[in-house]
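S.K.: The residues making up each chain are set out below.
8 protein chains.
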Amino acid sequence: MNPEQTRRILEQYKAGTVSLDEASKLLLADEVVDLGFAAVDTQRAARTGFPEVIFGSGKSPDQILKIAREILAHNSRVLVTRVGPEAVTLLLKEFPAAVHHEQARCVTIESGPLPKRAGEIVILAAGTSDLPVAEEAAVTAEVMGNMVTRIYDVGVAGIHRLFRRLPAIRAAHVVVAVAGMEGALPSVVAGLISRPIIAVPTSIGYGANFGGLAALLAMLNSCGSGVTVVNIDNGFGAGFAASQINALANSGRIP
Amino acid sequence: MNPEQTRRILEQYKAGTVSLDEASKLLLADEVVDLGFAAVDTQRAARTGFPEVIFGSGKSPDQILKIAREILAHNSRVLVTRVGPEAVTLLLKEFPAAVHHEQARCVTIESGPLPKRAGEIVILAAGTSDLPVAEEAAVTAEVMGNMVTRIYDVGVAGIHRLFRRLPAIRAAHVVVAVAGMEGALPSVVAGLISRPIIAVPTSIGYGANFGGLAALLAMLNSCGSGVTVVNIDNGFGAGFAASQINALANSGRIP
Amino acid sequence: MNPEQTRRILEQYKAGTVSLDEASKLLLADEVVDLGFAAVDTQRAARTGFPEVIFGSGKSPDQILKIAREILAHNSRVLVTRVGPEAVTLLLKEFPAAVHHEQARCVTIESGPLPKRAGEIVILAAGTSDLPVAEEAAVTAEVMGNMVTRIYDVGVAGIHRLFRRLPAIRAAHVVVAVAGMEGALPSVVAGLISRPIIAVPTSIGYGANFGGLAALLAMLNSCGSGVTVVNIDNGFGAGFAASQINALANSGRIP
Amino acid sequence: MNPEQTRRILEQYKAGTVSLDEASKLLLADEVVDLGFAAVDTQRAARTGFPEVIFGSGKSPDQILKIAREILAHNSRVLVTRVGPEAVTLLLKEFPAAVHHEQARCVTIESGPLPKRAGEIVILAAGTSDLPVAEEAAVTAEVMGNMVTRIYDVGVAGIHRLFRRLPAIRAAHVVVAVAGMEGALPSVVAGLISRPIIAVPTSIGYGANFGGLAALLAMLNSCGSGVTVVNIDNGFGAGFAASQINALANSGRIP
Amino acid sequence: MNPEQTRRILEQYKAGTVSLDEASKLLLADEVVDLGFAAVDTQRAARTGFPEVIFGSGKSPDQILKIAREILAHNSRVLVTRVGPEAVTLLLKEFPAAVHHEQARCVTIESGPLPKRAGEIVILAAGTSDLPVAEEAAVTAEVMGNMVTRIYDVGVAGIHRLFRRLPAIRAAHVVVAVAGMEGALPSVVAGLISRPIIAVPTSIGYGANFGGLAALLAMLNSCGSGVTVVNIDNGFGAGFAASQINALANSGRIP
Amino acid sequence: MNPEQTRRILEQYKAGTVSLDEASKLLLADEVVDLGFAAVDTQRAARTGFPEVIFGSGKSPDQILKIAREILAHNSRVLVTRVGPEAVTLLLKEFPAAVHHEQARCVTIESGPLPKRAGEIVILAAGTSDLPVAEEAAVTAEVMGNMVTRIYDVGVAGIHRLFRRLPAIRAAHVVVAVAGMEGALPSVVAGLISRPIIAVPTSIGYGANFGGLAALLAMLNSCGSGVTVVNIDNGFGAGFAASQINALANSGRIP
Amino acid sequence: MNPEQTRRILEQYKAGTVSLDEASKLLLADEVVDLGFAAVDTQRAARTGFPEVIFGSGKSPDQILKIAREILAHNSRVLVTRVGPEAVTLLLKEFPAAVHHEQARCVTIESGPLPKRAGEIVILAAGTSDLPVAEEAAVTAEVMGNMVTRIYDVGVAGIHRLFRRLPAIRAAHVVVAVAGMEGALPSVVAGLISRPIIAVPTSIGYGANFGGLAALLAMLNSCGSGVTVVNIDNGFGAGFAASQINALANSGRIP
Amino acid sequence: MNPEQTRRILEQYKAGTVSLDEASKLLLADEVVDLGFAAVDTQRAARTGFPEVIFGSGKSPDQILKIAREILAHNSRVLVTRVGPEAVTLLLKEFPAAVHHEQARCVTIESGPLPKRAGEIVILAAGTSDLPVAEEAAVTAEVMGNMVTRIYDVGVAGIHRLFRRLPAIRAAHVVVAVAGMEGALPSVVAGLISRPIIAVPTSIGYGANFGGLAALLAMLNSCGSGVTVVNIDNGFGAGFAASQINALANSGRIP
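Chains as they are written, first to last, in the working numbering: chain A, 1 to 255; chain B, 1 to 255; chain C, 1 to 255; chain D, 1 to 255; chain E, 1 to 255; chain F, 1 to 255; chain G, 1 to 255; chain H, 1 to 255.
It should be emphasised that the hints constitute simulated quantities derived from the structure, not laboratory data.
Every residue, glycine too, gets a C-beta built ideally from N, C-alpha and C.
Don't take each hint at face value.
Claimed, not checked - Between beta-carbon pairs, the in silico distance windows are:
(1) D/Ser19 <-> C/Ala171: 30 to 40 Å
(2) A/Leu92 <-> F/Gly112: 49 to 59 Å
(3) D/Ser76 <-> A/Glu22: 50 to 60 Å
(4) C/Glu102 <-> D/Leu20: 36 to 46 Å
(5) A/Leu20 <-> C/Ala171: 17 to 27 Å
(6) A/Pro115 <-> F/Ala97: 53 to 63 Å
(7) F/Asp62 <-> A/Ser111: 29 to 39 Å
(8) F/Asp62 <-> A/Leu92: 21 to 31 Å
(9) B/Pro167 <-> D/Ala171: 50 to 60 Å
(10) D/Arg150 <-> A/Leu20: 50 to 60 Å
Turn these sequences into a full structure, and let the hints steer you where they fit.
M.R.: See the structure below:
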């Protein structure tokens with residue numbers, strides 16, 4: 001609650017349009033619906049730009065369904081990530097608008113076509129095995145109202161595959177670079193463009209990869225300026241941050 | 001070199017305005033000045049939006065001076081980070097415009113006043129000990145043409161200190177959140193604003209902090225959406241990425 | 001064996017009420033029932049305030065049953081943690097008073113209603129996925145004679161969800177704060193209350209979470225004073241320690 | 001700010017005893033004194049039971065002095081931990097009541113004799129090298145109003161040294177167990193007493209000790225119930241938590 | 001091949017009792033039977049005191065059988081560790097003398113009763129879950145000709161359980177101490193006896209146990225002198241080393 | 001594209017044998033076939049000496065089949081590593097020349113007999129359990145045109161088994177040394193020969209082996225000069241590098 | 001206190017030769033001299049075979065001196081390890097019999113010539129840089145009454161250097177093998193002899209040695225049976241354990 | 001000693017040209033000069049292609065001098081790495097032919113000009129700070145008789161700097177790629193050439209670089225085939241291995 005809201009409530013109370021009890025309650029306003037196992041944050045879109053996202057892993061299908069219902073009661077879109085087959089069936093049955101993005105392991109529900117922001121978000125993936133994470137980033141960016149270009153299998157071991165796609169990459173507002181193994185893709189791209197790059201390490205690899213640690217450390221130590229990093233396999237986080245950046249880039253254009 | 005450049009050179013060659021040797025050389029154009037110990041990238045500003053930055057650590061004062069000279073021969077600004085006292089003396093002596101930012105451990109040299117972009121970059125620091133890293137981020141963002149607001153000592157252990165600054169934080173285009181210890185600051189801020197947040201773990205702490213690893217892992221695992229992370233103590237990287245995002249936000253506004 | 005016990009045995013021996021052999025044996029008194037695979041400590045409640053607890057993981061259902069029988073022969077309560085379905089069936093069949101706490105993965109057996117101590121123990125959980133660990137803490141604290149208040153899904157990414165429950169949290173004698181991901185919950189709470197806080201990291205998360213290591217390190221490095229930490233997923237340990245603290249708080253009140 | 005405070009301000013405003021501006025400001029009341037490099041939390045004692053503590057490491061002597069002044073302007077006690085020789089000199093010169101605890105690396109300033117709470121806090125140290133950490137815990141507990149009993153050099157390799165002190169240990173309200181090397185002391189003590197035990201791993205040792213990691217892991221994995229752990233070398237945190245527990249134990253006794 | 005052997009072969013060759021070819025071959029004598037997938041070392045018992053042991057993990061049942069046959073062709077005993085159910089069936093079928101030690105996951109085959117060495121090897125286990133590792137140590141020591149005393153469930157959290165068995169422990173030639181969790185058992189025992197102690201960390205535990213790392217580090221950092229350590233869960237290694245020590249202790253007694 | 005190629009295209013363009021569009025396209029020549037999920041690099045053999053290799057893990061059988069087809073359209077050989085049973089069936093059905101190397105988990109397809117290079121590549125394996133990795137190295141080296149000698153079960157615990165094979169090892173052009181456990185094999189061999197040694201740590205072992213980390217660190221720290229290391233279990237990488245070295249050794253011999 | 005001692009005291013008390021107070025005190029007998037900062041264990045030699053050893057690191061020279069005095073008041077020998085130059089000066093000045101072992105960083109004080117036990121303890125060191133640790137082991141074994149043979153610079157990279165010393169190594173009762181780098185020495189030796197081997201990893205090396213971790217892991221994963229391990233750089237621990245084993249070997253020989 | 005040598009000695013002995021004692025000694029021939037602290041391996045050049053190299057770190061200047069003398073008594077070249085200033089002075093004074101390579105921290109002593117092998121070894125360094133390690137590799141390769149081309153400051157963040165040097169890189173027999181930070185250089189190069197690449201991670205970087213671990217893991221996980229890796233900062237090892245490979249490439253050319 002910011003100072004303006006505080007002032008407004010105080011003035012309404014003085015004017016008698018709200019009672020002492022009401023004013024007191026408003027100043028500690030409850031924006032949360034309590035489901036017992038979860039406290040759904042219904043005002044999140046207003047505060048952070050997007051409704052609460054349901055991280056499916058570790059929640060029962062029934063819990064996911066109930067939280068989805070609650071979010072859709074207050075918002076026009078919902079995103080469920082890391083969703084298992086049972087929850088998918090439940091969601092598709094309940095919500096006709098639900099779409100299952102299989103490779104991305106996501107379900108999205110949108111109550112109607114949303115306008116798309118200007119500016120492409122380009123998703124790069126180093127190898128074929130990185131696609132599930134790249135797709136999670138792509139689906140997230142799309143459901144948040146962005147146009148997405150996918151450029152896959154452009155790892156640094158065959159660097160000409162990357163170079164022939166440079167014009168498309170340079171045209172992006174934001175680049176998400178997904179890579180496992182030695183995670184060198186974002187470093188190389190960072191030296192070639194002037195746009196923000198979000199690096200996503202994946203757990204692809206074996207041996208001294210240590211579940212994506214090798215790629216994570218490489219990306220954090222990138223010699224390329226302007227690279228920021230999200231958690232291993234966190235396609236959602238990268239797509240979300242890319243969307244926030246693109247939203248900012250669009251904010252000045254609306255008259 | 002993009003397709004357009006390639007076409008142009010080919011056409012000039014056909015038209016006879018460039019010779020075979022010249023065309024061949026241009027197609028493999030040398031944008032690098034070789035100092036023996038360093039290959040200075042003089043076209044970097046054109047390609048990535050900012051001239052090459054000199055990472056002072058591990059370079060001799062003399063090497064730093066020579067690289068700075070070379071960059072300034074082609075660019076109007078130079079930034080030296082992690083710079084030691086000897087190199088500072090050398091730089092201040094040679095370049096009248098050089099400024100030493102002591103707490104940030106940086107030297108900046110600007111050939112004249114640069115126009116500032118619209119939109120604040122807010123730098124948050126959790127504790128007094130995080131200031132050197134926060135200042136490195138702030139100086140970097142400033143030398144790249146951004147307005148910076150510093151909000152320091154707002155760690156989560158006294159969360160009301162953070163909340164009373166929320167209006168200023170919400171007004172930012174981009175937020176850089178610098179924190180050591182348990183690194184919780186970016187997670188809390190992420191739930192309160194809709195702008196991009198760049199988290200910088202610092203090596204402040206002791207015991208099971210492991211040189212900033214605790215804060216780094218916390219930030220990578222942030223439950224707050226939209227948080228991206230740079231390397232431990234990498235104030236420069238955060239300031240650079242914040243500037244890239246702000247530059248993108250301003251790109252649509254220039255008529 | 002403390003000095004008073006030693007003196008008493010010596011006096012009885014001198015007085016002839018115990019023989020040399022008896023006195024010698026008493027001075028090395030056997031408080032242990034040996035089952036071959038386990039040495040059940042029948043005097044533990046007298047010494048540490050609660051009978052031996054059966055950690056179910058790694059023990060066969062039959063071993064669990066036999067140890068439970070032995071403890072119940074000397075005590076009025078037993079707690080089995082991390083118990084599998086087979087052992088649950090065996091225990092429910094043998095002991096009519098046995099209760100299976102499914103989400104907590106515990107079985108409790110109480111020979112009758114126990115008086116509850118004054119003072120609430122508040123169990124906070126950051127997310128829905130942390131509930132199994134939070135419930136283990138809650139069940140442990142309850143079987144040890146405490147009143148427990150559960151406040152769930154109050155993670156720092158939506159900090160107003162935590163704040164609206166502050167009055168209940170501030171009323172607690174002891175707070176147990178359960179969190180995975182970046183584990184920031186205890187740090188924020190520590191700055192708001194003056195009661196002891198026991199932090200429990202959970203293995204919830206993925207990527208650079210490393211099985212709860214991220215949350216563990218964050219909690220150990222908490223900038224909030226008064227936070228102590230137990231092992232990853234160790235809901236039992238937190239509930240036990242919280243009960244010990246509450247027992248101490250009640251010890252002075254019994255006339 | 002809790003609901004009662006909110007109600008009171010609203011009623012005063014209605015009654016006209018505070019103006020709209022005053023009420024608005026009070027509802028967002030500033031409890032922080034901003035020193036530029038630090039935001040001193042002057043109401044912390046009211047909120048958490050003890051004024052802000054100055055962690056000396058990473059702060060300049062001058063910064064420490066200024067923060068100490070600000071805290072003493074609002075509180076009767078100040079504690080500076082991890083304090084270097086220069087800051088010690090400055091503090092002793094400025095504050096006649098300042099006391100330097102050399103082995104504990106602390107300075108305390110108390111404006112007058114404080115009443116001591118009932119109940120001993122026992123500080124155990126496994127070896128001679130663990131004394132600086134044990135003393136930090138002891139000084140912290142004392143400045144917070146507790147009686148402290150020190151029992152040093154009672155490591156498990158000579159367990160009879162521990163046993164001959166058992167009566168004193170059993171008489172404690174809270175036990176702080178400080179140990180480096182293999183960190184086994186708290187586990188052994190936990191099986192012998194029913195009071196809360198706070199374990200402090202120290203960085204004492206070499207080789208595969210890894211700066212205290214060995215002791216930390218051992219304590220987190222303690223088979224003794226009721227053991228909670230603080231960060232490596234964090235004597236302050238253990239003393240603070242022990243004091244909070246003892247304060248709770250005393251809370252019911254004040255008529 | 002030692003100098004005496006070299007001399008002898010040379011003298012036999014000079015004397016004509018061996019040919020040049022024979023001498024040359026003898027000097028590079030082949031003590032290995034090559035099975036293709038394995039090179040069985042038939043002279044190992046002569047060289048190191050015990051025939052080659054078959055580590056069953058990672059070998060097919062058929063490979064285990066073939067190696068066992070080859071060893072038994074040259075030796076009177078064989079030990080198979082970490083053996084799966086299929087290999088057990090195969091071995092029991094082929095060798096009437098084979099014995100399956102279920103809890104120890106071993107099969108032993110002895111061609112006849114072997115004389116036992118003087119001196120007990122005492123195997124301590126901290127908890128019920130440590131028994132498989134303790135039994136592997138016990139079976140190994142027994143098949144190598146030693147008398148073994150098992151003392152189980154004597155962890156340090158109930159230290160009186162350990163103390164009542166001290167006379168038996170002090171009577172041992174060698175002590176093997178098996179413990180998971182915080183691994184404190186060997187440290188406590190080391191301060192009470194003067195015999196060699198071999199510590200075996202087990203992977204029993206959870207959370208920050210990290211697969212036995214906590215116990216391993218604790219044992220390596222033991223403050224008790226005379227403790228040596230083997231790999232996590234390596235009951236075989238501990239039993240083998242204990243037997244070597246006991247064999248040395250017996251070596252001087254045989255007239 | 002090297003300067004010679006650039007010149008040639010420019011001259012052809014001037015001569016009119018290629019058009020402006022063709023020249024432009026050639027200078028940015030597309031050597032990649034895009035399958036959507038994969039961008040197959042058809043000119044890789046020309047550039048690096050061997051066609052693209054299909055790392056089967058993480059790819060669907062159908063994806064593997066399609067990539068294999070594409071590679072075989074441009075090359076005479078294909079190697080699929082880490083291939084699962086379904087993909088094996090598919091490949092064997094489609095390509096009559098496909099061979100399944102079961103222990104090596106590889107499929108090779110060769111369109112005809114290839115000439116073998118001079119010089120043996122010797123593959124050493126320390127134990128029977130290291131054979132899958134050793135075989136992957138062997139199959140890789142063979143399909144790349146090398147003669148391979150396998151010397152297995154020659155670990156350092158029975159060092160005479162290694163020594164009796166020294167003449168064969170010393171005759172090699174390159175040695176690949178595969179070992180798990182403590183990974184000492186390459187160090188010992190390095191002191192005995194003057195040829196390049198490629199060390200392959202395997203994940204064989206348990207406890208503090210940490211999935212091959214122990215062997216990896218040992219090999220990186222080898223006191224034997226001339227040892228280079230590949231990733232844990234990376235038999236393919238070792239075979240590939242060995243072949244490159246042997247190809248170089250043969251390059252000077254072709255008149 | 002064992003049962004025999006308990007019986008004896010009880011009988012003396014009955015017989016009236018000790019009073020009730022004396023008997024009570026004896027049964028809780030104080031074998032400790034309390035110096036405030038240290039509790040010196042004067043009966044340790046009786047209990048574990050050697051007086052308390054002073055680990056010099058982390059103790060002040062004055063503390064070392066006082067503890068040394070106390071030990072010498074009850075014992076004929078004292079060993080100080082990891083001793084700094086100031087403490088050396090103090091000890092040499094106070095005790096004429098004190099000997100400084102410079103390379104071993106030890107001081108020993110022996111009140112007279114002690115008889116040596118039968119049987120050599122052989123100390124192997126892999127490289128010249130491992131000598132300080134090897135010497136600490138050697139000095140420890142000597143002061144405990146053993147004959148020591150030093151065999152240095154016999155690392156596995158030049159394995160013939162080791163082999164030419166095999167007769168001396170095979171003649172040992174116990175072998176201590178000290179090695180840094182890849183730590184392979186004990187594995188090779190274990191396959192060649194039948195005596196107990198104690199492996200000591202040293203922190204010698206660089207890069208991915210990680211302060212001795214590489215050698216430690218290698219030794220724990222040794223494929224050679226009978227190898228036990230002590231902490232990194234713990235020459236004292238190895239010498240102590242070797243002496244205990246040799247003492248056991250000699251115990252049967254004293255009539 | 002190989003079979004041919006064995007046969008020859010046996011024949012000489014039979015022929016009477018060597019005595020029994022001589023033959024016996026020859027068969028166990030001593031190729032080692034024992035300096036007490038070091039056992040110098042005088043036949044190493046014959047066995048492995050280069051005399052023993054002196055790793056200066058951890059050896060006293062005097063020890064280095066003595067070992068250098070001993071090697072030079074049997075060989076024409078010596079290489080001292082990681083050499084400190086005192087040892088440099090000593091060596092330059094004693095040996096007129098000694099050359100100090102300052103940046104490489106090496107001293108080389110060559111008794112005369114050596115013929116150089118055909119084929120360049122190219123040393124790549126990613127950044128200016130990687131030069132000491134790159135120079136160690138270069139000096140090592142040169143003293144072993146190779147021609148070396150240095151190509152420095154060609155890191156992947158400015159990939160055109162690398163590409164303009166591709167013709168020189170492709171002309172190499174062997175490539176050594178030295179890089180800190182994210183260590184991506186070898187992966188990119190591997191996709192462009194067909195020659196062996198030896199990757200050297202350096203400890204250059206900060207934060208989550210962990211002393212070169214980030215670069216090491218990246219290189220081990222390289223998606224580029226044919227990359228092998230040496231220890232962090234191990235320029236010597238890379239230079240040595242590169243020389244061995246180049247020697248092999250030249251072996252077939254000598255008539």
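S.K.: Against this structure, judge whether each hint is valid.
M.R.: We went through each hint and held it up to the structure:
no.: 1; hint: D/Ser19 <-> C/Ala171: 30 to 40 Å; in the structure: holds (33 Å)
no.: 2; hint: A/Leu92 <-> F/Gly112: 49 to 59 Å; in the structure: holds (52 Å)
no.: 3; hint: D/Ser76 <-> A/Glu22: 50 to 60 Å; in the structure: violated (41 Å)
no.: 4; hint: C/Glu102 <-> D/Leu20: 36 to 46 Å; in the structure: violated (54 Å)
no.: 5; hint: A/Leu20 <-> C/Ala171: 17 to 27 Å; in the structure: holds (23 Å)
no.: 6; hint: A/Pro115 <-> F/Ala97: 53 to 63 Å; in the structure: holds (55 Å)
no.: 7; hint: F/Asp62 <-> A/Ser111: 29 to 39 Å; in the structure: holds (36 Å)
no.: 8; hint: F/Asp62 <-> A/Leu92: 21 to 31 Å; in the structure: holds (25 Å)
no.: 9; hint: B/Pro167 <-> D/Ala171: 50 to 60 Å; in the structure: holds (54 Å)
no.: 10; hint: D/Arg150 <-> A/Leu20: 50 to 60 Å; in the structure: holds (55 Å)
In the structure shown, a violation is registered for the earlier hints numbered 3, 4, in ascending order.
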